[in-house]
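Chemist: Sequence:
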Amino acid sequence: MVQTLGEVGRQQPTEVKVRLVDVDVHPQPRSDAEVIEYLDEPWRRYARSGQLIRVRSTSSNYSAPGKRADSWGPNGELPGSDPAFLERQVFSDSGVDFAVLLPMTVDPRANPTHEAAMAKATNRWLADTWLSKYNAHGRYWGSISVGGGDPVTAGREIEEWAGHPHMVQAVLSPYTVEPLGRLTYHPIYEAANRHSLPVVYHVATRSAGMGLMSSVGFASYYFEHHVGYAPLAAAHLTSLIFEGVFEKFPNLKIVFVEGGCAWATPLVWRMDRQWEALRSEVPHVKRRPSEYVRDHVRFSTQPIEEPDDRSHIVRALEWGHADEILMFATDYPHWDGDYLPKQVFRGFPKPLLEKIMCENAIKLYGMPSTRRA
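To convert, note that position 346 of the sequence shown is 1837 in the numbering used here; the numbers rise steadily by one, no gaps.
Simulated from the structure, these hints should not be mistaken for lab results. Computed from a predicted structure; not experimentally measured. Here a beta-carbon is modelled for each residue, glycine too, at the ideal position from N, C-alpha and C. Careful: at least some of the hints might be erroneous.
With a straight-line cut-off of 27 Å between C-alpha atoms, the simulated DSSO-like cross-links for lysine-lysine are [as the list claims (entries may be wrong)]:
1) K1558 x K1739
2) K1558 x K1508
3) K1854 x K1841
4) K1739 x K1508
5) K1739 x K1854
6) K1854 x K1833
7) K1744 x K1854
8) K1739 x K1777
9) K1833 x K1558
10) K1777 x K1841
11) K1508 x K1854
12) K1744 x K1777
13) K1841 x K1744
14) K1508 x K1777
Have a look at the derived ranges for each label pair, beta carbon to beta carbon [as the list claims (entries may be wrong)]:
15) D1619 x R1761: 41 to 51 Å
16) A1560 x A1726: 26 to 36 Å
17) D1531 x M1704: 26 to 36 Å
18) P1774 x D1619: 39 to 49 Å
19) E1528 x R1761: 43 to 53 Å
20) R1615 x G1857: 37 to 47 Å
21) G1735 x R1761: 40 to 50 Å
22) P1840 x S1623: 14 to 24 Å
23) R1673 x W1810: 23 to 33 Å
24) M1704 x P1574: 20 to 30 Å
25) D1584 x A1726: 15 to 25 Å
Sequences and hints are given; from them, build the entire structure.
Modeler: Structure below.
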């Protein structure tokens, strides 16, 4: 059949430019049973015996407000569990082209073997569902869940999944018993470094433990805990730099998700100044901390700081090289997500916005710059 010029002109493009990458989207199982099927024994039997899948390390934790009110599915499905509904809210409503998935099924646990088993089951579940059955469009990218309680096993888990075409990073809870730069966690970084996979720290569901403690003790309110995400990230960032992690693992990239971003600039200034004065104590730190941050560290925007004068946040982020290190995130489907990019980033110059919205994530994760229409 011969096509006319008019018919050719009306053909839809097969590829469109990627303009928005969301680096923090949380898929959820339809029920605990969906992940339990992927657990190895004896943990599958343990879960089926009535033990909650989300076993806390102690009896104390902070309760978050929950999910955004409209994220429940049309038939009452759990937020983030219905692929079609998630796609409508993330891809259609927010205009996202690619979504980086961060499952929230691996909380820190008192038993590191149980934690590692949950991580393994989560990775199997994610690969079989969101990265396969639900990913015909190719717009989902996954994270390899690992537990911090057994870093050697975590390193092996990264090795197992590093070759998966849609696994683009490893994810670890920052609620740990030691600062994340310590030798304890180096097996994780060694595996990630070998495969050039970023390691992302994402706050988990407030499981109790030392990670919840501020520098002056435990907070009374969730509000205090929530604004404390930034100091938690700052402590780990300082540890990573001064323990020499980036000298030891030159291919390693670290991503801080859901800790804000504007706080990092004055911290890095202070670290640079103190390094000049105290560098004899840390001869293994061969470069200024700010250089390590620009080369090895990335941040997500959410929950972004929002001063009354929008020019203040733009200026603060430009001082911190946001055009190189900052990536857009919604935190879907959580209550505190940043779901309206045009509103959240009003007043940002277009070149900076393009870097934050897509280009930095595309570069970090090796994503294509176009997707199927």
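Chemist: Next, verify each hint and record whether it holds.
Modeler: Hint check results:
Proximity of K1558 to K1739 is assessed by CA-CA distance (about 40 Å); at most 27 Å being required, the pair is judged violated. Restraint check for K1558 and K1508: not satisfied, since their Cα atoms lie roughly 31 Å apart, outside the 27 Å limit. Restraint check for K1854 and K1841: satisfied, since their Cα atoms lie roughly 18 Å apart, inside the 27 Å limit. Among the hinted pairs, K1739 with K1508 is inconsistent with the structure: their alpha-carbon atoms are about 37 Å apart, more than 27 Å.
Distance check on the hinted pair: K1739 and K1854 sit about 23 Å apart at the alpha-carbon level, within 27 Å; holds. Between K1854 and K1833 the alpha-carbon distance is near 23 Å, which keeps this suggested pair within the 27 Å criterion. A distance of roughly 12 Å separates the Cα atoms of K1744 and K1854; the hinted pair therefore holds under the 27 Å criterion. In summary, the hint linking K1739 to K1777 is supported, as the alpha carbons are separated by about 11 Å, within the 27 Å threshold.
Taking the CA atoms of K1833 and K1558, the gap is about 22 Å. The hint holds against a cut of 27 Å. For the hint linking K1777 to K1841, the alpha-carbon distance of about 35 Å lies beyond 27 Å, and the restraint is violated. For the suggested pair K1508 and K1854, the alpha carbons sit about 15 Å apart, so the restraint of at most 27 Å is met. About 18 Å separates the Cα atoms of K1744 and K1777, which keeps this hinted pair within 27 Å; it holds.
For the given pair, K1841 sits about 26 Å from K1744 by alpha-carbon distance, which is consistent with the 27 Å threshold. Note on K1508 and K1777: the hinted pairing is violated, with a Cα-Cα distance of about 40 Å set against a maximum of 27 Å. At roughly 46 Å, the beta-carbon separation of D1619 and R1761 lies within the given 41 to 51 Å, and the hint holds. The hinted range of 26 to 36 Å is satisfied by A1560 and A1726, whose Cβ atoms lie roughly 33 Å apart.
With their beta carbons about 33 Å apart, D1531 and M1704 fall inside the hinted range of 26 to 36 Å. At roughly 48 Å, the beta-carbon separation of P1774 and D1619 lies within the given 39 to 49 Å, and the hint holds. The supplied range of 43 to 53 Å is met by E1528 and R1761, whose beta-carbon atoms lie about 49 Å from each other. Between R1615 and G1857 the Cβ separation comes to about 23 Å, which falls outside the hinted range of 37 to 47 Å.
The hinted range of 40 to 50 Å is not satisfied by G1735 and R1761, whose Cβ atoms lie roughly 19 Å apart. For P1840 paired with S1623, a C-beta distance near 39 Å fails the hint of 14 to 24 Å. One distance hint, 23 to 33 Å for the beta-carbon pair R1673 and W1810, holds here, with the actual separation near 30 Å. Between M1704 and P1574 the beta carbon distance is about 38 Å. The supplied range of 20 to 30 Å is therefore violated.
About 36 Å separates the C-beta atoms of D1584 and A1726, a value inconsistent with the hinted range of 15 to 25 Å.
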